[in-house]
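> Protein sequences, first through last, are from chains P and L.
Take my numbering: the final residue in the first sequence is number 323, and no numbers are missing along the way.
Take my numbering: the final residue in the second sequence is number 1265, and no numbers are missing along the way.
Please keep in mind that the hints were generated in silico from the structure rather than gathered at the bench.
Treat the hints with caution; some may be incorrect.
[Claimed, not checked] In the SDA-like style, the derived pairs of lysine to any residue whose C-alpha atoms are separated by at most 25 angstroms in a straight line are:
#, chain 1, residue 1, chain 2, residue 2
1, P, Lys320, P, Glu221
2, P, Lys191, L, Ala1155
3, P, Lys317, L, Ala1155
4, P, Lys320, L, Arg1262
Computed from a predicted structure; not experimentally measured.
Residues per chain, in single letters:
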Amino acid sequence: MSRVLVIAEVADGVFNDISLQCLAAARALAGPEGEVEAMLVGASVRPHAARLAAGGADYVTVVDDARLATYTTEPWLAAARAQLAAAPAAAVLLPATTIGNDLGPALAASLGAASVVDADGVAIEDGRPVAWRVGFDRKVRTTWAPEGDRPLVATLRDGAAPMPGPDAARAGTIRTLALDEVLAGGGFLTKVVRRDVAARTVNLRDADVIVAAGAGVGSPEGVDLVRRLAAALGGEVGATRAVVDAGWLSADRQIGQTGATVRPDLYIACGISGAIQHRVGMLDSRTVIAINTDPNAPIFRSAHYRIVGDLKAVIPKLLKLLS
Amino acid sequence: MALTIAVVAREVWDTRDLSGTVLDENGRLRPGALPTRYEPEDLNALEAALRLKDAQGATVTVLSPGEVRQVDVAREALYRGADGAVRIAADPDELDDAALGALLAAAIRKLGSVNLVLVGTAVPDTAGSLLARHLAQALGWPAILWVDAIEETAADRVIARRAIEMGYESVEAPLPALLAIGVALLEDDPRAPRPAKAMLKLKLKKAEVPVWTPAELGIPDPAARCVTRRRRREPVPPRVIETRTVDPENEAELRAMLDSVRKGA
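Here chain P stands alone, though its shape is the one from the complex (with noise of 0.2 angstroms):
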């Protein structure tokens, strides 16, 4: 394929690796003759640019503006299609994120291209790229092609390819545009007017223990037991997005689709019922023991240690034999 192109993401100044994974499924897609293109939009995204080509992007075009400290479609949409006017990729990969999920298919709709969201892989078949997904609780994977030579836009899970080692002696060729040029008298039609936005505190997908925590737990005092057997276990704290919502816990914390997506050596699920959502951001983990008052929870179908009862019992007792 002659090329593809990666659209990072930068969010509230910090780096979503997933752009690297992007990366990795992009130079699988170009193949060894094609060329991997990156482009990132923002406020003081300028410094990102080096890792990129250090991800294996053979160029990086910066869009590097004050005006862009927070998301909004119009003017990363602007420039995706400026970029893709100069350079016409058959492929454009995004991080599945919020952002992402926003940017690519209104990407893909405004340029008639074929769009795929929440994709955990892409390949190329009969010379086309194509992505998938797997779906109906994990029954089914489902791929899509575009329709004759269109590109595909898709957006990739964690996971969906591995995290490139950074080679420092790549340099790539970095480049600007001006957002003046790729507004080119358009405007920004939707605005920011408030946030309420948390830093990053933790990176739960560095941790090789992980207590979670949900909606079973029932209180912040329910939560403060999880946090005391994360502790006893020198392990971090993890959440379903029920308490994250419930304002239990941050929501760097949170696990599942639309959360990190997370391989611990142990992962303790406390009162998680173990919906879909939450069970394809924690399936890798290596051992899992789950705690629930039902006994028909989903959760306990991927666990390898079952315990029926009530966490704010069975934890207690845990911490015991712990001391």
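Got chain P; can you put chain L on it based on the hints?
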């Protein structure tokens, strides 16, 4: 300006906790293998529309693509308080989001004077992409995705709170606009929109729900609008996990479990 709201209502396969095989030997969904349900985030979108109607007055019309399989979501929406419902005669499982978005956009134009469209953000298992973005593109309107609260509406704009990875953002868009509603719509119970009203069920049980065909919407061959093709479906081998049950009342069993996992960790 009073709001005229169109809400998308999809009947989707309920893929939670599936047992048994889903595909036949040809890679097609086995008839009868799956139940269906009102797409939960579409139901949240309806609830958001009805709350606007309750608070400030609005006309709410539901657009439901596809024939009824098991759950008549258009009628369910009427029972909850929607002012009208229209079925779109096209199988959403056989169209991609671009084609479905084009059909729905044509239906919204046919409704006339719609200034707010609400749809769930969720991507059903049969869909490749996010319908909301394709629908917004077909309408030529701005969109805000992952909305969990509509904070403010005025004659010419809407402010909605959207959930992002590390918190929330309030985003303003000019009207007309599309809002894609996420799962955490309601602070008290995000999964419990208002139930159907018994009185409306009695009143509307036999109400006619009009059906608009693609030809009536000016798109006689919606499949020709598809840009993403489903190439195949394949079964995923089940994960075989040997599960041991540990009695929480048995300290020896708990200790043995901890010793085992700590050795392995």
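> Hints first: check each against the structure and report whether it holds.
To see whether the hints hold, each was checked on the structure:
1. For the hint pairing Lys320 (chain P) with Glu221 (chain P), the CA-to-CA distance comes to about 18 angstroms; that is within 25 angstroms, so the pair holds.
2. Among the hinted pairs, Lys191 (chain P) with Ala1155 (chain L) is consistent with the structure: their alpha-carbon atoms are about 17 angstroms apart, no more than 25 angstroms.
3. Simply put, Lys317 (chain P) and Ala1155 (chain L) have alpha-carbon atoms about 59 angstroms apart, too far for the 25 angstroms limit, and the pair is violated.
4. Distance check on the hinted pair: Lys320 (chain P) and Arg1262 (chain L) sit about 15 angstroms apart at the alpha-carbon level, within 25 angstroms; holds.
Violated hint for the displayed structure: number 3, the only one.
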